[in-house]
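Position chain B against the provided structure of chain A, taking the given hints into account.
This is what each chain is made of:
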Amino acid sequence: MSEEVLVSIRNLHATANGTPILKGIDLDLRAGEVHAVMGPNGSGKSTLSNVLVGKPGYEVTKGEILFRGKNLLEMEPEIRAREGVFLAFQYPVEIPGVANNYFLRTAVNAARAHRGLDPLDAMDFLSLLREKMKIVEMPDDMMKRAINEGFSGGEKKRNEILQMLLLEPDFCILDETDSGLDIDALRIVAGGVNRMRSPERAMLVITHYQRLLDYVVPDRVHVLSKGRIVRSGDKDLALELEEKGYGWIETGDAAGARS
Amino acid sequence: MSGTNPELERLAKQEYKYGFVTEIEEDRLPPGLTEEVVRLISAKKEEPEWLLEYRLKAFRRFREMLDEGEGEPGWAKVSHAPIDYDAITYYAAPKQKPKLESLDELDPELRATYDKLGISLLEQKRLHGIGDGSRPGVAVDAVFDSVSVATTFKAELEKHGIVFCSFSEAVREHPDLVREYLGSVVPYSDNFFACLNAAVFSDGSFAYIPKGVRCPMELSTYFRINAAGTGQFERTLLVADEGAYVSYLEGCTAPQRDENQLHAAVVELVALDRAEIKYSTVQNWYPGDKDGKGGIYNFVTKRGACRGYRSKISWTQVETGSAITWKYPSCLLIGDESVGEFYSVAMTNNRQQADTGTKMIHIGKNTKSTIVSKGISAGHGDQSYRGLVKIGPKATGARNYSQCDSLLMGDQCGAHTFPYLEASNPTAIVEHEATTSKISDDQLFFCRQRGISEEDAVSMIVNGFCKDVLRELPMEFAVEAQNLLSVSLEGAVG
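Chain order of the listed sequences is A and B. The working numbering runs 25 ahead of the 1-based position in the first sequence. The working numbering runs 48 ahead of the 1-based position in the second sequence.
Just chain A, with the same shape it has in the complex:
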């Protein structure tokens, strides 16, 4: 495994609409690693992912985030995206009237332009798109439809993974991508995620449950509680949590015990 630190989060404090949510997060992701972040509702999981991608409404009050040594916090959200930071949304939005394939091509070409590459023309893009669609088992007609319009919950999540496959980001954040998925959709989504695992890439998988981690096996598991990482461990920590519940972490001796 590579030793290169791809993402470095240092003493990160953030507020949402003025309320302190993150109270000092320290986390390093090395290239090639998959980290899972678990924790009860309100522990700051979604805030962490939103702050990483620069969603408006959050303010970083202290700390820093470096991505390949660059200060992520100084970049506009679209620049972070073009640099290779990707968030698979918990609730993907619908955009009526804008065809999926047109949207995806615009996104891919924005990233290519950022890297000094020529845009893909419609034909080249189409063959790339077809190849990636097979991985997430999406039928052709879904590409001509408006973005997520009339898609089922599972289709929306598959569409998120498709976008990730197309954009090939180096830092992938999955925000509760497993929520609301049936077992078949979960298998497809996990298959797509595993395709993305590579020695150059890091992933942050945010989830409530162990079940996604059966498919996407993490290198590290962190437990978030009240805006801090209260415990870190290997994949077995997720199993332990599943068994004992978060109460075990939040009360008593486990709290503050960082490994």
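Treat each hint with caution, since some may be false.
The calculated lysine-lysine pairs, modelled on DSSO-like cross-linking and capped at a C-alpha distance of 27 Å, are [unchecked claim]:
1) LYS181/A x LYS515/B
2) LYS202/B x LYS143/B
3) LYS486/B x LYS169/A
Simulated from the structure, these hints should not be mistaken for lab results.
Just chain B, lined up with the frame of chain A:
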């Protein structure tokens, strides 16, 4: 939630691109609306007696309406301070040689003005983007304040027997045609603003496409208001004789001024048997500043008569300018199996107001009409779709389909739909669909997270919303309209 984005702030402050003033000596009448003024306008244009009489009838009716307090129509959902019709100058024209022998004699100031607007009055150059000669090109009639200053490709069109010239010239050269059709679709007494126009109309375009002729190029008129304190009262008349086809486009801009200026136009279209007229508008009058100061009052009556069997009139409009728009391009479907269409995108940003829509009057048998209206409201913009579908007792088998969609940006704007339906024939089939949607912060953020800038995201969403209408425009203008929508929306979010 959304913080202020410096890029958008900058764009929001960007000025209206066409707000410059041309310094040119103008011949203008003193402000005020009197019989004397009407007579002077008519005299300046060396009009025949019958036309002066027509103007005077309209003038008397207009005075009557003012005196009886009928005034401006009260039903439109727009508000503005009372207009003082005696403070307006009704005629202003750049001083130049009365009659140009060729386009080369055009005042360089005027030519420079149109160049700056992207309108080439050089025939060999044709309209921007169409320089390779493989495309049929566009003939332009350029109207500056109260007069037409140039018309291109007249000789080329004459070869096909097509008349395309300024309205004033048509009165001189083709009085019989003008007399036959003027006021035959929109009578002078039709409404307050049409009546005002009939009294003081200055210039506009006239086109006649003879029997069986398919006009080989787009015809277009470019309207420019330049002088301060004036109104522009354009009059346009297009006649497509049996089996003829024409596609016509109008565009318009005005300087940026703190006062409101009135543009009260009348457009009449006549389509005879199997004739087709496609009329497109890209309206970009100065909309006023972000606080609603200044801007054009665009109070316009546009109507087409499908007189002939299987005739067709199609209106497409992209309305992004003006402080207030009041406009209902309509179709009288008189001929059996005639077809009327109305495709509209109306956009209001900042303090703009628009009350726009159409009337489809089904009179003949098996007449068909389609209405697709897309309203976009941002800032404090407020707009209404107002449409009438009327099926007469003899319109057996008439069909109408209406679709009215509104897109809201932010929470300070408004969108309203007022569909009216009067059906007097039991065989008629009328459908109406309406939707309202919003561009949300989440949609914009989703796009940005995929690497698409906020501006491009807005433009993508808006163009997606409007695509059913934009694809009705001639291709060259569809691109222009898309850009215009993006520019008009700058600063609408963030």
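For each hint, the structure was consulted:
1. Taken as a hint, the LYS181/A and LYS515/B pair is honoured in the structure, with Cα atoms around 24 Å apart against an allowance of 27 Å.
2. Taking the CA atoms of LYS202/B and LYS143/B, the gap is near 23 Å; set against the 27 Å cutoff, the hint holds.
3. For the proposed pair LYS486/B and LYS169/A, the alpha carbon gap of about 22 Å is at most 27 Å, so the pair holds.
The structure shown violates none of the earlier numbered hints.
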